[in-house]
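Novice: So the chains spell out like this:
2 protein chains.
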Amino acid sequence: MTAYGGIEAGGSKWECAIGTNPDDVRAAETIKTTTPKETLGRAIAFFEREGPVDAIGIGSFGPIDQKLSSPTWGHITTTPKPGWAHTDVGQEIRRRLSVPVAFDTDVNAAALGEHRSGAAKGLDTFCYITVGTGIGGGGMVGGQLLHGLIHPEFGHMRIPHDRDADPFDGVCSYHGDCWEGLASGRAIAARWGRAPEELEDDAVWELEAWYLALGLVSVICILSPERIIVGGGVGRRPGLLELVHREVLSLVNGYLDAPANGDIASYILPPALGSRAGVLGALALAELVTAQS
Amino acid sequence: MTAYGGIEAGGSKWECAIGTNPDDVRAAETIKTTTPKETLGRAIAFFEREGPVDAIGIGSFGPIDQKLSSPTWGHITTTPKPGWAHTDVGQEIRRRLSVPVAFDTDVNAAALGEHRSGAAKGLDTFCYITVGTGIGGGGMVGGQLLHGLIHPEFGHMRIPHDRDADPFDGVCSYHGDCWEGLASGRAIAARWGRAPEELEDDAVWELEAWYLALGLVSVICILSPERIIVGGGVGRRPGLLELVHREVLSLVNGYLDAPANGDIASYILPPALGSRAGVLGALALAELVTAQS
Numbered sequence: 008m009t010a011y012g013g014i015e016a017g018g019s020k021w022e023c024a025i026g027t028n029p030d031d032v033r034a035a036e037t038i039k040t041t042t043p044k045e046t047l048g049r050a051i052a053f054f055e056r057e058g059p060v061d062a063i064g065i066g067s068f069g070p071i072d073q074k075l076s077s078p079t080w081g082h083i084t085t086t087p088k089p090g091w092a093h094t095d096v097g098q099e100i101r102r103r104l105s106v107p108v109a110f111d112t113d114v115n116a117a118a119l120g121e122h123r124s125g126a127a128k129g130l131d132t133f134c135y136i137t138v139g140t141g142i143g144g145g146g147m148v149g150g151q152l153l154h155g156l157i158h159p160e161f162g163h164m165r166i167p168h169d170r171d172a173d174p175f176d177g178v179c180s181y182h183g184d185c186w187e188g189l190a191s192g193r194a195i196a197a198r199w200g201r202a203p204e205e206l207e208d209d210a211v212w213e214l215e216a217w218y219l220a221l222g223l224v225s226v227i228c229i230l231s232p233e234r235i236i237v238g239g240g241v242g243r244r245p246g247l248l249e250l251v252h253r254e255v256l257s258l259v260n261g262y263l264d265a266p267a268n269g270d271i272a273s274y275i276l277p278p279a280l281g282s283r284a285g286v287l288g289a290l291a292l293a294e295l296v297t298a299q300s
Numbered sequence: 008m009t010a011y012g013g014i015e016a017g018g019s020k021w022e023c024a025i026g027t028n029p030d031d032v033r034a035a036e037t038i039k040t041t042t043p044k045e046t047l048g049r050a051i052a053f054f055e056r057e058g059p060v061d062a063i064g065i066g067s068f069g070p071i072d073q074k075l076s077s078p079t080w081g082h083i084t085t086t087p088k089p090g091w092a093h094t095d096v097g098q099e100i101r102r103r104l105s106v107p108v109a110f111d112t113d114v115n116a117a118a119l120g121e122h123r124s125g126a127a128k129g130l131d132t133f134c135y136i137t138v139g140t141g142i143g144g145g146g147m148v149g150g151q152l153l154h155g156l157i158h159p160e161f162g163h164m165r166i167p168h169d170r171d172a173d174p175f176d177g178v179c180s181y182h183g184d185c186w187e188g189l190a191s192g193r194a195i196a197a198r199w200g201r202a203p204e205e206l207e208d209d210a211v212w213e214l215e216a217w218y219l220a221l222g223l224v225s226v227i228c229i230l231s232p233e234r235i236i237v238g239g240g241v242g243r244r245p246g247l248l249e250l251v252h253r254e255v256l257s258l259v260n261g262y263l264d265a266p267a268n269g270d271i272a273s274y275i276l277p278p279a280l281g282s283r284a285g286v287l288g289a290l291a292l293a294e295l296v297t298a299q300s
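Going down the list, the sequences are from chains U and S. Mapped onto our numbering, the consecutive letters of the first sequence carry residue numbers 8 to 300. Mapped onto our numbering, the consecutive letters of the second sequence carry residue numbers 8 to 300.
Chain U with its partners taken away, still in its complex shape:
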C-alpha cells in the first residue's frame, strides 16, 4: 500500500506524518525543534519506526536551497535561527532513509496542501501566507509552486512604518522593521511585552491588521492572486481577518475592479486544512516527487 511521509519543519516544532491525504493519515508525531542533529534524529526515528514510506516531502522554514541542480539542495541557508544556518536537512533524510525526498518551503507545502484539498482547489494563482512567530509566504502561479531565483520571502519586504504612531523598532535581526519585523508574533510580543494570545486590547489588533493589510496590498499588486490564504498562530486569531479585510479595501481604495468588487471575505481567508496545511502539503510534495521519479 502506498505511504508517503511528510514533514513540516518549523522553527519551533516539526510535524511528521505518514499517509496519503487528509483523510488517510496513519501516524503522526510532533517533535520540538532543538538542535539540528537531535531534531533530524527524532524525525528519522519516527519514519523508521512507523514506516516504511515510498517518498518524503519536507516543507521547511527558510531561507532554503530548493534548486535541484545545486550542491546544497536540501539545505536551510541563511536563517537567523541559532544553530540552524547552513544545515543539510533534505540530503541527510534522503541518505538515512533511502527514499526520494521533495524539499520546499513550509509555505509552498501548505499552499500545495490547500490546492489539493483545501481553500485553493481549482485555482491557478494564489498565495499562502503564515503569520506566526515569523511571517512567510508562498503559493502557486499558473498552477505551479512559486520558485524563481530562490523562493519567495514575503516576510522581509518593507512596509510603511509611522514611527510617531508606533515607535517600535521591529524585531528582524536583518532588517529591523520589515513586514515580519513589525507584524510577526515575535514582533507583537516584543512591542507589547506579552504573548499575542494574552493581548486583547483593540489597539493591538487594529495595528496588527493595518500592518498585515499593507503587506497584503503589495502581494496583490505584485502577484494579482486569485485568493490569499492566511494561516499561522497569529493569523488564526478570531476576528483578525475581518479587520484585515476592512484595511485592505481601504488601502486599495477602489483601484482595480477586483478584489474590491468581489467578496473580500472569500478573497482573504483562513486555510481550510487549518494548522495541518503544512504537513498535509508535505505529503502532497512526496506524492509529486514519486510521480516525477
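You may find that some hints are simply not true.
Claimed, not checked - In silico lysine-lysine, DSS-like type, Cα no more than 30 Å apart, as pairs:
| id | chain 1 | residue 1 | chain 2 | residue 2 |
| --- | --- | --- | --- | --- |
| 1 | U | K39 | U | K20 |
| 2 | U | K74 | S | K128 |
| 3 | U | K128 | S | K74 |
Stated by the list, open to error - Label pairs and their calculated CB-CB ranges:
| id | chain 1 | residue 1 | chain 2 | residue 2 | range |
| --- | --- | --- | --- | --- | --- |
| 4 | S | R102 | U | A298 | 23 to 33 Å |
| 5 | S | K74 | U | G261 | 52 to 62 Å |
| 6 | S | Q299 | U | K74 | 46 to 56 Å |
These are computed hints drawn from the structure, not numbers from a lab. Glycine residues also receive a C-beta, built at the ideal position from the N, C-alpha and C atoms.
Start from chain U and add chain S according to the hints.
Specialist: For chain S alone, kept in the frame of chain U given last:
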C-alpha cells in the same frame, strides 16, 4: 509573407509597428494619445494603410481586462487617465481589422519582448518594470506571462515614506504616496517643480533610487525573480540604476544568499531592446495568438 502588427498603447503615445521581430520591422508609426476615438482611428488607419497583418498584439496601459472569458476583454478599465476609463481597445481593433488580437499589459508585452530577444532570454521567472510617467510591472513566472486574478499593478503597492525627510504627499489619485505616487516621473516633477530630465541635484536621484529600491525589495521578496529589467523614461537615466543597486544591497542586508552574492549589475539592469521593448513585445504577442488560433 507573415506580418504581425504590434501596438504599445501608452498613456502619452502609441507605438505601432508591422513586422515579425526586432530585425524585421517593416513599418512603424508613433501616435500621440488623445481621445480614445481619435487614437484608435489613427492606429487602425496605420494598419489599413501599411498592412495587411495576420494578427495584432497590443500591450496597453492599465488596468486592463485581459481575461479571454470576460465580456469586457480588451478594455482598459479603471484608469485615472481622463476619458479613457472603461474604453474598449481590443474588441474594437479586432472588429475593425478582422484579425486575431492579443491583449495584455504594456509591461507584460515588454517582458515578452525581452524574453524573446533581449535581457531575459532563457529565463523562466523575471520581471519587467517601467519607471516613466507612471510605474508598472509585469513579467513571467515559470515561463508564462504573469496574470492572476487580473494582472500585476506593481506601481500601487505601498512603500515606506518618511514624511520628515520627504513631506511630499504623492501624486496617485487613488493612493497618494504609493510607489507610483512617490517615485514616478510625474511624482518627481511635482515634488521638485521641474521635469525629471531637467533635474541634476544628487538629492533628487538619491531619493528616487531609495524609493525604487524599496519597491524592488518587495518584488524580490514576493516573486524571487531571476532578473529584474528596469525600463521607462526615468529608469533610463544614466547612473540611476547604479544608485538603485547600492540601495537594494543595503536593504537586503545579506539576507538571502541571492541576489547579494551575485552580480547586482546583471540582476537589475536595463532592457536590451531599450524603448522598443514594448512594441516589439506586442509583435511577439501577435505571434503567440496566431500560434494559438
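Novice: Next step is simple, just say for each hint if it's right about the structure.
Specialist: Verification of the hints:
1. A hinted pair counts as satisfied when its Cα atoms are at most 30 Å apart, and K39 of chain U with K20 of chain U qualifies at roughly 4 Å.
2. For the hint linking K74 of chain U to K128 of chain S, the alpha-carbon distance of about 20 Å falls within 30 Å, and the restraint holds.
3. Distance check on the hinted pair: K128 of chain U and K74 of chain S sit about 20 Å apart at the alpha-carbon level, within 30 Å; holds.
4. For R102 of chain S paired with A298 of chain U, a C-beta distance near 45 Å fails the hint of 23 to 33 Å.
5. The supplied range of 52 to 62 Å is broken by K74 of chain S and G261 of chain U, whose beta-carbon atoms lie about 20 Å from each other.
6. Between Q299 of chain S and K74 of chain U the CB atoms are about 31 Å apart, so this pair departs from the stated range of 46 to 56 Å.
The structure fails hints 4, 5, 6 (numbered hints given earlier, in ascending order).
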